[in-house]
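Student: Sequence:
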Amino acid sequence: MQTYIKDLSNHVGEEVTLKGWLYNMRSSGKLLFPQLRDGTGIVQGVVAKNAVTPEIWDALKALGQESSLIVSGRVREDARAPGGVEIDVVSAEVIQNAHDFPITPKEHGPEFLLDNRHLWLRSKKQHAILKVRHAVVKAVRDFLDNDGFTLADTPIFTPAACEGTTTLFEVDYFGDEKAYLTQSGQLYNEATAAAFGKVYCFGPTFRAEKSKTRRHLTEFWMVEPEMTYATLDDVMDLAERFLSYIASRVLETRQEELKTLERDTSKLESIIPPFPRLHYDDAVKMLHEGFEQGAMENKFEWGGDLGAPDESFLSSKYDRPVMVHHYPAVVKAFYMKRDPEHEDYALGVDVLAPEGYGEVIGGGERATSVEFLEQQIAAHGLPKEAFEWYLDLRRYGSVPHSGFGMGIERCTAWMCGIEHVRETIPFPRMLYRLKP
RNA sequence: UCCGCAGUAGCUCAAUGGCAGAGCAUUCGGCUGUUAACCGAAGGGUUGUAGGUUCGAGUCCUACCUGCGGAGCCA
Numbered sequence: 043m044q045t046y047i048k049d050l051s052n053h054v055g056e057e058v059t060l061k062g063w064l065y066n067m068r069s070s071g072k073l074l075f076p077q078l079r080d081g082t083g084i085v086q087g088v089v090a091k092n093a094v095t096p097e098i099w100d101a102l103k104a105l106g107q108e109s110s111l112i113v114s115g116r117v118r119e120d121a122r123a124p125g126g127v128e129i130d131v132v133s134a135e136v137i138q139n140a141h142d143f144p145i146t147p148k149e150h151g152p153e154f155l156l157d158n159r160h161l162w163l164r165s166k167k168q169h170a171i172l173k174v175r176h177a178v179v180k181a182v183r184d185f186l187d188n189d190g191f192t193l194a195d196t197p198i199f200t201p202a203a204c205e206g207t208t209t210l211f212e213v214d215y216f217g218d219e220k221a222y223l224t225q226s227g228q229l230y231n232e233a234t235a236a237a238f239g240k241v242y243c244f245g246p247t248f249r250a251e252k253s254k255t256r257r258h259l260t261e262f263w264m265v266e267p268e269m270t271y272a273t274l275d276d277v278m279d280l281a282e283r284f285l286s287y288i289a290s291r292v293l294e295t296r297q298e299e300l301k302t303l304e305r306d307t308s309k310l311e312s313i314i315p316p317f318p319r320l321h322y323d324d325a326v327k328m329l330h331e332g333f334e335q336g337a338m339e340n341k342f343e344w345g346g347d348l349g350a351p352d353e354s355f356l357s358s359k360y361d362r363p364v365m366v367h368h369y370p371a372v373v374k375a376f377y378m379k380r381d382p383e384h385e386d387y388a389l390g391v392d393v394l395a396p397e398g399y400g401e402v403i404g405g406g407e408r409a410t411s412v413e414f415l416e417q418q419i420a421a422h423g424l425p426k427e428a429f430e431w432y433l434d435l436r437r438y439g440s441v442p443h444s445g446f447g448m449g450i451e452r453c454t455a456w457m458c459g460i461e462h463v464r465e466t467i468p469f470p471r472m473l474y475r476l477k478p
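With the working numbering applied, the first sequence has no gaps in its numbers, which climb one by one up to 478 at the end.
Everything labelled a hint here was simulated from the structure, so no lab data went into it.
We put the beta carbon where it would ideally sit given N, CA and C, even for glycine.
Please note that a few of the clues may not be correct.
What the hints assert, rightly or not - Computed cross-link-like contacts, EDC-like style, restricted to lysine to aspartate or glutamate with a CA-CA straight-line distance of at most 20 Å:
hint	residue 1	residue 2
1	K327	E232
2	K167	E232
3	K166	E108
4	K426	E232
5	K426	E416
6	K359	D323
To be verified - Taking CB as the label site, the calculated pair distances span:
hint	residue 1	residue 2	range
7	K148	R471	38 to 46 Å
8	P316	G125	20 to 28 Å
9	G81	A420	14 to 22 Å
10	S411	L476	38 to 46 Å
11	D324	P144	47 to 55 Å
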């Protein structure tokens, strides 16, 4: 019977069988210290030459890194061992002796590691990051499911640009038609929301932009909740509860991994409501003050979208996410509702994560009037026929509704406190990176 | 697309314009408590590609290729 490494502390004094791979091995004459990993953890075995048969001794001694093997031994508490337990090995069966595993326990560069991503996944840090990713995804689903949202996934093949702004990946659709990979489930979400009230979609999203920064992937996972009879304030309330819940669940369930990642957990503990809410005009004022104090290189001009340095400056003023709302309408998508009091502003919100992680959430209230949307579609040069179904949503029972999108990888990178989103997905797709 | 940086052993990196080097990995040997173990030995090179300057180029110049970091755009 197989015992998993994560459960070993419940088996102290017992003989157990572990099935896994050799993570690393040290030796000292007539002692071997194989580190075994099985996907749930890593434990060190101790093999004394006089405690095993000569055949087993020779077989173990010859093993290369990442060899697969089954080990039986007694679990013993030992203060010297990370994890608190060790295995006194009594027998072992080698499944495969592997040689020349490329990723050695030394430093490597990103290019090499990404070329070997299929093997890199086995290392401790990558393992920890992807466990946190799983916790984030689980928290997202649990939160929305428990909050009355219905999962209603949206298509990945789409006939036309959703927003008309970003560059799309084009695919041949049976020769006579072009299809595009989705850049957002947004518009379809509005249709399902009118059917179910509160919905979310959660799936891969594609952007063909040649973005080359630590915050971008060409294929990433996005969760997009949408609520009917909801306003900008409602969506900000939701974002606040949503992010706080995710952070608390990560803290609750992934302590070990956060330790491996050397994450300062106090940064996650401070992600609690209320989040500061900043009107765009007030954000601009802060940026101007920053410029006068010499903290900003260029003076921000009212009317533009916030750039990466602007976002970093604003978020550096707070210990928790800051929600910037009421952007100038011109910088936002065509379907954003205008502020009835000030038509130049859109009822949109971006949630900027602290520590320079940037925009993790973007969303807002959607326009409800057919006439307004027709005018917007024309102004953006979008093909009206493609949006007829979307306009139907306003023709038949139009209601105020709001929602947002959150990038799973950005959120995970933030939770983990790591530099680059490319490590937060098993196989990252980036500009110039399609393999493995 | 634009700006900046880099490319030398399987990996990470050294080398004033003057003999191509180290650590890790690999192979062999040593060590009964190692924590990226340590000690000794061996094998391992078209210095990204093409051209140029020079008595002599890893080093200087030009172009290209590849990667990294950043900007724009966005989640």
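Student: All hints are to be evaluated individually against the structure, with a verdict given for each.
Tutor: Tested hints:
1. K327 to E232: violated, 34 Å
2. K167 to E232: Given pair K167, E232 is violated - Cα atoms ~39 Å apart, limit 20 Å.
3. K166 to E108: holds, 13 Å
4. K426 to E232: holds, 17 Å
5. K426 to E416: Since the Cα atoms of K426 and E416 sit roughly 8 Å apart, the hinted pair holds (cutoff 20 Å).
6. K359 to D323: Holds - the C-alpha atoms of D323 and K359 are around 16 Å apart, at most 20 Å.
7. K148 to R471: 38 to 46 Å: Taking Cβ atoms as reference, K148 and R471 lie about 28 Å apart, which means the hint is violated.
8. P316 to G125: 20 to 28 Å: The hinted range 20 to 28 Å is violated for P316 and G125, with Cβ atoms some 39 Å apart.
9. G81 to A420: 14 to 22 Å: About 55 Å separates the Cβ atoms of G81 and A420, which means 14 to 22 Å is violated.
10. S411 to L476: 38 to 46 Å: Since S411 and L476 have Cβ atoms about 43 Å apart, the given range 38 to 46 Å holds.
11. D324 to P144: 47 to 55 Å: holds, 52 Å
Comparing the model with each earlier hint shows violations of hints 1, 2, 7, 8 and 9; every other hint is respected.
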